[in-house]
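Peer 1: Sequence:
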Amino acid sequence: MLPTLQFLTQTPEYSLLYIGTYNPVLVGVSILIAVFASYAALDVAGQFNQASSRAAKALWLAVGSLAMGGGIWAMHFIGMLSFNLPCGVRYDPLLTLLSMVPGILASGVALHLISHPSITQRQLIGGGILLGAGIGTMHYSGMAAMRMDALLRYEPALFGLSIAVAVVLAVLALWIKFRLQALGKRYQWLVRTGSSVVMGAAISGMHYIAMGAAYFLRPGETTDASGAFDPTFLAIAVTVVTGLLIALALVATIAHRHIELSRKMATLIGELNHSQRELQKLNSTLEQRVAEEVKRSRSKDQMLIQQSRLAAMGEMVHNIAHQWRQPLNALAILLGNLKDAYHHQELDEKTLDTLMEDSRRLIKKMSTTIDDFRDFFRADKETVTFDLCRIYQDTIRILSASLNHHQVQISGDLGEQVLVSGYPNEFAQVLLNLLSNAKDAILENQIFPGCIAVTIRAENGMGVIRIRDNGGGIPEAVLPKIFDPYFTTKDKGSGIGLYMSEMIIKGNMGGAIEACNVEGGAEFSVFCPLAASP
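Taking our numbering, the leading residue of the sequence shown gets 5, the next gets one more, and so forth.
Check each hint, because a few of them may be wrong.
Here are the simulated DSS-like pairs of lysine-lysine, each with C-alpha atoms no more than 27 Å apart in a straight line [claimed, not checked]:
{"#": "1", "residue 1": "K354", "residue 2": "K61"}
{"#": "2", "residue 1": "K343", "residue 2": "K354"}
{"#": "3", "residue 1": "K510", "residue 2": "K485"}
{"#": "4", "residue 1": "K368", "residue 2": "K354"}
{"#": "5", "residue 1": "K285", "residue 2": "K268"}
{"#": "6", "residue 1": "K368", "residue 2": "K343"}
No lab work stands behind these hints: they were computed from the structure.
Since this is a predicted model, take the numbers as computed values, not measurements.
Could you build all of it, start to finish, from the sequences and the hints given here?
Peer 2: Below, the structure is given as structure tokens:
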């Protein structure tokens, strides 16, 4: 039959009590066992959290529960061994062994909680209550296993205080673990040590307060203690076994960390070797890859430039049509005059010479237009020094008829000769594109009269052309995108004109091209390095 707890209703007389004494060395040993058992359990909890399979988690939980539960049990018996009573004391073996169960179960619940990365306040308090209750149940069931020539009674207030201390310190230990784990892996040893000390204090504090609550009364007759073990032998045996459990738990965690570290190191070495092989392979073909990429890039640039030229051909044909309209009309009139003179027999040598001279002049003008068209589409093979003012004048000669037809006025402030080094035909393509865009903006917004103003200057070592129009400007949302490839706001635009203009100026001539809004319109500025003095 299991004994029950019995409490005092009043404080007994001193003469009726057995007064026990403590061995301070064994008291210290019991506290250290509680602390080391707690440390081992917390260390095992870290392995439980890192385990990948359920079987591994269950194994680590069992190891930690045995280490901590056994530590609580060993602390109790070492503490009991340190307490000497002036009467015979024995222990019931079955009840003594059963007293270990509550500590192991409570330890398992607590370790399962602290293995989580986070915990709620309710879980924290619940875990502390379970752990404290397990410690208390283990202690008082172990006390109930005592067989002695005395009557065991408990003082109710200290009894309740012992349970409260166990619960409060258990909650505090769990809180420290979760509160301080934010410090990172570098301070994990500090977190475990702090939590272990508080957990050990919970176990030891509960035990020694509970011992203070125990009163040992002298009986009227001696209690039979036959069949019980010697407490000294039992305490030493439990201490040795528990010490081995704690040591095995710590060795297991250290060995597991070493194995995991070796595995990660092997994986890292394998990845490093693979990366090294890939790097060597890349280095062996790097020069060839770079050369091929540069070749592809140059080929792509040339294709885009040619595509831009072809896109501009429609504009050129349109301009040529305007250029030829007046000479063709004049030639038609000359042919009509020639026919009339012949019909009226007024065709003499002088009249024929005059008509022929006028015809040759008109045909030469048309031939010059064809030459301009052909020169414009001739690819530049090498850089030369050229005058920005001359390129502007050549471009205006191509555009003038179209500008006049649409009643767009253009003015040029050319200043002195501005010499730059680069590709004149490509630069002329840029200039033609910018002037055509200005004209299109004026026509699209139906501005009358349309005006384009061009200034050419040498500024700070750069040749600068500024083209300003009164075509309404560029929307602010569009302005950052105008130099992007294939971006256009025109219904029939290709979206490569400004992109190629920027590529020619920046990539081929080492200059820059900028756009901004001004009052009533937009302004494009082209910067090219001045040619070196001979």
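Peer 1: Against each hint, give a clear statement of whether it holds in the structure.
Peer 2: Going through the hints against the structure:
At roughly 118 Å between alpha-carbon atoms, K354 and K61 are farther apart than 27 Å, so this suggested pair is violated. Distance hint between K343 and K354 is fulfilled; the C-alpha atoms sit about 15 Å from each other, no more than 27 Å. The straight-line distance between the Cα atoms of K510 and K485 is roughly 17 Å, inside the 27 Å bound, and the hint therefore holds. Restraint check for K368 and K354: satisfied, since their Cα atoms lie roughly 21 Å apart, inside the 27 Å limit.
Distance check on the hinted pair: K285 and K268 sit about 25 Å apart at the alpha-carbon level, within 27 Å; holds. This hinted pair checks out: K368 and K343 have alpha carbons roughly 22 Å apart, not beyond 27 Å.
Figure legend: structure checked against the earlier numbered hints; the only hint not met is number 1.
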